[in-house]
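A.B. asks: Spelled out, the chains give:
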Amino acid sequence: MPVDGIFGTTIDLLGKNIDLRTKNQNLISSNIANAETPNYTPKALEFEQELQDAVKNRSKGTPAITNPRHLPLKGAAGRLQSVTGQVVETPSKTPGNDGNAVELENEMGRLLENQIMFNASVQMLSKKFGDLSMAIKGGN
Amino acid sequence: MELKGIGSDLGLGAAFPEVSGTKSTSAVEGAGKFFSELVSKVNDMQMQSDQAIQGLATGENKNLHEVMISMEKASISFQFLAQVRNKAVEAYQEVMRMQV
Amino acid sequence: MDFFSSMNISSSALTAERTRMNLISSNLANASATRTPEGGPYKRKDAVFSATPLESRFGRALDSAAGQQTRQVEVTEIVEDQNPPRMQYDPSHPDANAQGYVAMPNVNVVEEMADMISASRSYEANVTAVQAAKSMALKTLEIGK
Numbered sequence: 001m002p003v004d005g006i007f008g009t010t011i012d013l014l015g016k017n018i019d020l021r022t023k024n025q026n027l028i029s030s031n032i033a034n035a036e037t038p039n040y041t042p043k044a045l046e047f048e049q050e051l052q053d054a055v056k057n058r059s060k061g062t063p064a065i066t067n068p069r070h071l072p073l074k075g076a077a078g079r080l081q082s083v084t085g086q087v088v089e090t091p092s093k094t095p096g097n098d099g100n101a102v103e104l105e106n107e108m109g110r111l112l113e114n115q116i117m118f119n120a121s122v123q124m125l126s127k128k129f130g131d132l133s134m135a136i137k138g139g140n
Numbered sequence: 001m002e003l004k005g006i007g008s009d010l011g012l013g014a015a016f017p018e019v020s021g022t023k024s025t026s027a028v029e030g031a032g033k034f035f036s037e038l039v040s041k042v043n044d045m046q047m048q049s050d051q052a053i054q055g056l057a058t059g060e061n062k063n064l065h066e067v068m069i070s071m072e073k074a075s076i077s078f079q080f081l082a083q084v085r086n087k088a089v090e091a092y093q094e095v096m097r098m099q100v
Numbered sequence: 001m002d003f004f005s006s007m008n009i010s011s012s013a014l015t016a017e018r019t020r021m022n023l024i025s026s027n028l029a030n031a032s033a034t035r036t037p038e039g040g041p042y043k044r045k046d047a048v049f050s051a052t053p054l055e056s057r058f059g060r061a062l063d064s065a066a067g068q069q070t071r072q073v074e075v076t077e078i079v080e081d082q083n084p085p086r087m088q089y090d091p092s093h094p095d096a097n098a099q100g101y102v103a104m105p106n107v108n109v110v111e112e113m114a115d116m117i118s119a120s121r122s123y124e125a126n127v128t129a130v131q132a133a134k135s136m137a138l139k140t141l142e143i144g145k
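Protein chains in written order, with the numbering used here: chain B, 1 to 140; chain E, 1 to 100; chain R, 1 to 145.
Okay, chain B solo, but in the shape it has when bound (with noise of 0.2 Å):
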């Protein structure tokens, strides 16, 4: 498809980080509701290290198709389709009575962290959409 190779890496990169933190968005959502539940551990979404593999084609494995009527894409684009992001289990180091492990404090600045980088990602790739069709209107 001729028309793809206009939008390069950069814009499927923005594409999936937006993807992976409205996920992890979830997930940080349901630590701090659950903040006084027992016996309930707090969970993350790790992905960050996984983009860079795929961005730099340091991945191991062959990417997957997810659906078998997608089209397999070529190249940075395939690699960046198969990041899934991992969850990971954050318990604090000093649980409480009841067993719960989640850690106020920590959620707040990682909610907050979550919710910056998300705004950045859909600032920057407004940005190159604005750039991108600002050239083929001839720089107007």
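In case anyone wonders, no lab produced these hints; they're calculated from the structure.
A virtual CB, placed ideally from N, CA and C, is assigned to each residue, including glycine.
No incorrect hints appear here.
Straight-line distance between alpha carbons at most 25 Å, and here's what the computed BS3-like set of lysine-lysine pairs gives:
(1) R/K134 to B/K43
(2) B/K137 to B/K127
(3) E/K62 to R/K139
(4) B/K127 to E/K41
(5) R/K145 to B/K127
(6) B/K137 to R/K145
(7) B/K56 to E/K62
(8) E/K87 to E/K33
(9) B/K127 to E/K73
(10) E/K73 to E/K41
(11) E/K73 to E/K87
(12) E/K73 to E/K62
(13) B/K43 to B/K93
(14) R/K145 to E/K73
(15) B/K127 to B/K56
Some but not every residue of chain B turned toward chain R, in silico, with C-beta under 8 Å:
(16) K23
(17) Q25
(18) L27
(19) I32
(20) Y40
(21) G85
(22) L104
(23) N119
From the derived model, a few chain E residues whose C-beta atoms are all more than 10 Å from chain B:
(24) G30
(25) L38
(26) V95
Following the hints, complete the assembly by docking chains E and R onto the known chain B.
C.D. replies: Same frame as chain B, now just chains E and R:
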């Protein structure tokens, strides 16, 4: 106090520091060289801003301000290039319109 | 991907914390009630929270690994504290027993105040989470503006 003329060391002169030294070649070659250097510089800026964005998205570079500044630089230099091209094309068309 | 499940999770937490606040208020109000319709002094009530998986609208098969790990919070039951009532010596009280002791509710006011602070802190944290999800969703609408 010495009055300096417009263009002596204000913005335009500073925008093309290396290119303004080439006076030995003819005007056509000079203009071509000027454009190709400008294009390659703008391309470099775009690549740099892409690298910065990738660094931020994958978490190896946490400097948000650097990324925003380099994006803005790339965007503005690209707009500058487009306008220079537009003006050059206009000037060419104006010349071709002249009745001989 | 949805922001609405994030908001649903946070709003379930707001409901649960509000239930807990209601129970704490009821405990504080009845800290000296020696008579109840069930007989005997008032017994302190507590809410049991549990983390339950979301009921997805589109079926769980579409959820990724991250989606299946999200949990909302529910108040599964309200239990009565089974600690024995506090006995206070007051022979002139109409409810005094044969030895002159009155069975007072097993409510510790200081503990209830601490629980109240913790519940309101949780509530504020969840309100912030809702606002964060809302601002992210609104910002997404600006792609391409």
